[in-house]
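From just these sequences and the hints, can you work out the full model?
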Amino acid sequence: MTEKNSMPGSNSGLPDLYRHMRRVRTFEERVGELFVRGKSAGSMLHLSVGEESAAVGVCSHMHDGDTFTTHHRGHGIFLARGADPARMMAEIAGKETGYCHGKGGSMHIADMGLGHLGANAIVGGGIPAVVGAGLAARNGKKDVVSLAFFGDGATGQGILYESMNMAALWRLPVMFVCINNQYGMGTRIDQATANPRLHERAEAFGLVARTVDGLEVEEVADAAAELIAGARAGKPAFLAIECYRFYGHARKDKSPYRAEAEEAEGRNKDPVLRARTKLIESGIMAETDLDAMDAEIAQEMDATIDFAVSGNEPQMSSMFRDVYAPEEAEPEPVRTRIERILARQ
Amino acid sequence: MIETTYRGALRQALTDAMQENEAVVIMGEEVGRYGGAYGVTKGLIDEFGEDRVIDTPISEAAIVGAAVGAAMAGLRPVAELMYVDFIGMTMDQLANQAAKIRYMFGGQIGVPMILRTQGGTGRSAGAQHSQSLEAYVMHTPGLRLAMPATVEDAYHLLRQAMKQPDPVVFIEHKGLYTMKGELDTSAEPAAWGKARVMREGSDVVIVSYSRQLHHALAAADTLEKENGIQAAVVDLRTLNPIDFATIRPLVEQAGRAMVVSEGVMTAGVAAELAARITEECFDYLEDPVVRVAGEDIPISVSPLLEKHSVPTPEFITEVARMMLK
Ligand SMILES: Cc1ncc(C[n+]2csc(CCOP(=O)(O)OP(=O)(O)O)c2C)c(N)n1
Ligand SMILES: [Mg+2]
Numbered sequence: 001m002t003e004k005n006s007m008p009g010s011n012s013g014l015p016d017l018y019r020h021m022r023r024v025r026t027f028e029e030r031v032g033e034l035f036v037r038g039k040s041a042g043s044m045l046h047l048s049v050g051e052e053s054a055a056v057g058v059c060s061h062m063h064d065g066d067t068f069t070t071h072h073r074g075h076g077i078f079l080a081r082g083a084d085p086a087r088m089m090a091e092i093a094g095k096e097t098g099y100c101h102g103k104g105g106s107m108h109i110a111d112m113g114l115g116h117l118g119a120n121a122i123v124g125g126g127i128p129a130v131v132g133a134g135l136a137a138r139n140g141k142k143d144v145v146s147l148a149f150f151g152d153g154a155t156g157q158g159i160l161y162e163s164m165n166m167a168a169l170w171r172l173p174v175m176f177v178c179i180n181n182q183y184g185m186g187t188r189i190d191q192a193t194a195n196p197r198l199h200e201r202a203e204a205f206g207l208v209a210r211t212v213d214g215l216e217v218e219e220v221a222d223a224a225a226e227l228i229a230g231a232r233a234g235k236p237a238f239l240a241i242e243c244y245r246f247y248g249h250a251r252k253d254k255s256p257y258r259a260e261a262e263e264a265e266g267r268n269k270d271p272v273l274r275a276r277t278k279l280i281e282s283g284i285m286a287e288t289d290l291d292a293m294d295a296e297i298a299q300e301m302d303a304t305i306d307f308a309v310s311g312n313e314p315q316m317s318s319m320f321r322d323v324y325a326p327e328e329a330e331p332e333p334v335r336t337r338i339e340r341i342l343a344r345q
Numbered sequence: 001m002i003e004t005t006y007r008g009a010l011r012q013a014l015t016d017a018m019q020e021n022e023a024v025v026i027m028g029e030e031v032g033r034y035g036g037a038y039g040v041t042k043g044l045i046d047e048f049g050e051d052r053v054i055d056t057p058i059s060e061a062a063i064v065g066a067a068v069g070a071a072m073a074g075l076r077p078v079a080e081l082m083y084v085d086f087i088g089m090t091m092d093q094l095a096n097q098a099a100k101i102r103y104m105f106g107g108q109i110g111v112p113m114i115l116r117t118q119g120g121t122g123r124s125a126g127a128q129h130s131q132s133l134e135a136y137v138m139h140t141p142g143l144r145l146a147m148p149a150t151v152e153d154a155y156h157l158l159r160q161a162m163k164q165p166d167p168v169v170f171i172e173h174k175g176l177y178t179m180k181g182e183l184d185t186s187a188e189p190a191a192w193g194k195a196r197v198m199r200e201g202s203d204v205v206i207v208s209y210s211r212q213l214h215h216a217l218a219a220a221d222t223l224e225k226e227n228g229i230q231a232a233v234v235d236l237r238t239l240n241p242i243d244f245a246t247i248r249p250l251v252e253q254a255g256r257a258m259v260v261s262e263g264v265m266t267a268g269v270a271a272e273l274a275a276r277i278t279e280e281c282f283d284y285l286e287d288p289v290v291r292v293a294g295e296d297i298p299i300s301v302s303p304l305l306e307k308h309s310v311p312t313p314e315f316i317t318e319v320a321r322m323m324l325k
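One line per chain: the protein sequences are A and B, in this order. When we follow UniProt numbering, the leftmost residue of the first sequence carries the number 1, and every step to the right adds one. When we follow UniProt numbering, the leftmost residue of the second sequence carries the number 1, and every step to the right adds one.
Hint data in this document are derived by calculation from the structure and do not stem from the laboratory. The model shown is predicted, which means the values in this text are computed figures rather than measured ones. Incorrect hints may appear among the rest.
Claimed, not checked - Per label pair, the in silico range of CB-to-CB distance:
hint, chain 1, residue 1, chain 2, residue 2, range
1, A, Pro-256, B, Asp-221, 37 to 43 angstroms
2, A, Glu-33, B, Ala-187, 45 to 51 angstroms
3, A, Arg-337, B, Ile-2, 41 to 47 angstroms
By construction, the Cβ of each residue, glycine as well, lies at the ideal position given by its N, Cα and C atoms.
Okay, structure coming up:
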């Protein structure tokens with residue numbers, strides 16, 4: 001990992017937060033491009049455009065050794081934690097050179113080295129793992145926290161409430177991060193719940209709970225700083241980040257269920273643009289410097305596509321690997337079984 | 001007779017059932033305004049309204065559980081589970097509630113609900129969105145299980161399922177939705193629980209269902225053209241009940257049988273059928289009954305690995321040739 005790509009430190013100011021948000025935005029745009037070029041593995045690609053402040057703001061207060069799980073829209077979170085975008089892109093293309101050697105893909109990307117316990121294609125599926133990771137941290141007397149990132153849609157799953165209750169009961173170093181982009185597929189949050197004030201549910205379980213506006217990355221970062229510090233000290237927390245899903249649910253969804261005016265208004269809540277404007281207006285950075293930064297990021301992300309496209313397909317022999325531990329026997333292929341059976345005849 | 005698709009036939013079945021019976025309701029994630037993740041329920045909310053086409057939160061356990069209660073209280077619920085991969089989240093409601101209520105309560109009441117879902121490979125959807133989990137259902141007494149392979153059955157089997165007195169899990173295949181075919185909604189369909197002989201043949205019997213039926217038929221064509229091998233191909237249509245009466249004479253005549261399934265080989269549907277054929281037709285068999293099934297591994301997102309994780313027409317052909325060598 002080069003210095004340039006390293007995750008934002010806890011003292012990072014707006015320029016750094018902006019740079020990381022821009023990297024997420026540009027990466028996601030390239031994922032879209034990979035799909036259009038027919039080079040992605042499938043079309044189940046969920047872009048986090050519009051949600052960059054959640055990933056970057058929260059991750060700016062995570063430390064080495066902290067762990068986390070994400071949902072299916074987790075590219076940005078992983079990138080903000082320091083992932084190599086080229087290996088991410090290769091995984092999204094289903095290539096051997098990807099983080100999971102082409103077995104996982106966009107929705108099942110992980111890297112234990114960075115504490116990423118896994119993205120998940122089951123809504124809510126990754127949430128309870130942080131309770132277990134929190135237990136391990138507590139029992140091992142390690143000063144680490146575990147964060148579950150998930151969408152507003154996951155608040156429909158009972159397992160979230162079971163997990164929050166356990167975390168509160170056992171005072172675990174755990175934080176629940178709900179990225180409320182207002183939609184679960186085509187269902188708007190108010191069509192999925194009678195009480196969209198999501199943090200109130202966490203409060204009811206005894207968690208420290210807040211809602212912040214995702215338009216302002218600094219607000220997200222400040223809230224995360226406070227809540228993560230509390231969680232480290234055994235006060236589990238819940239943070240809801242209000243934002244808007246700029247594009248369709250997955251690559252093929254054109255969101256016909258949303259009015260154009262609503263989308264236009266939603267896309268006005270652009271945390272990347274907002275941070276950029278702030279940097280210029282407050283005189284912290286000149287527009288030309290920002291342009292140069294953006295161009296450099298664009299170049300870095302262009303290269304991820306080349307890396308992904310030129311990577312090898314997984315070897316057929318890898319198919320039976322990693323069902324069980326490497327020292328265990330691999331499952332026997334159907335072909336060998338049939339050949340043996342029929343050869344005996 | 002109309003020209004439609006598997007998806008269109010399913011939608012037609014739902015439409016006709018809803019028009020006929022006020023008690024039919026559809027409930028599930030994205031079934032209303034969105035029209036279903038695979039578009040099956042598109043437009044139904046406009047025709048039947050929000051009280052009968054019900055968008056739910058992402059709460060699979062409660063969706064199925066609510067369908068159980070609705071069925072007990074007199075509705076005819078069709079719950080939709082977006083992917084069969086999520087069945088684990090509903091398993092208590094399905095296996096401990098829906099499946100056992102009639103029996104536990106001494107026959108006082110049944111649970112006439114449908115759980116419509118889809119499974120299978122083919123879209124690079126990864127390990128948690130590509131499975132074939134019909135064996136979970138087949139392993140649970142009390143649950144009926146239907147898996148349509150054709151446009152005709154997408155309509156008729158669903159219509160029949162909706163008239164059953166007991167819970168039916170109805171598993172579609174994501175690779176079949178755009179398949180075209182002719183449909184006569186007024187035709188007399190094959191009876192519920194009856195298998196269909198799609199192709200006669202006296203050399204080997206291929207028993208299959210869902211998308212693999214088409215692979216089996218393609219293999220049978222190749223075998224005839226290239227090797228003069230006559231393969232009979234049977235579409236099971238329902239896995240509970242199982243129509244063994246249709247399979248038996250074919251196997252007794254051919255003396256060879258293979259079961260083709262996309263589900264994993266070990267303890268799967270193919271295992272059950274192979275055991276059944278072996279037990280019941282033992283004296284007639286020239287070869288062991290062969291399972292051509294999914295590998296005992298999760299499905300990869302890589303299209304290459306995904307494709308070879310389940311039977312291909314080429315592999316079915318090759319196995320038949322091996323049997324008849
Ligand atoms: C258990 C489960 N149910 C349903 C789905 C299908 N599905 C995938 S994403 C999604 C919407 C999730 O919404 P949200 O949690 O808000 O995340 P977002 O997509 O908005 O990031 C649904 C219903 C799934 N993958 N897993
Ligand atoms: Mg959402």
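| said: For a quick check of understanding: which of the numbered hints are violated here, in increasing order? | reply: Checked against the structure, no hint fails, so every one of them is satisfied.
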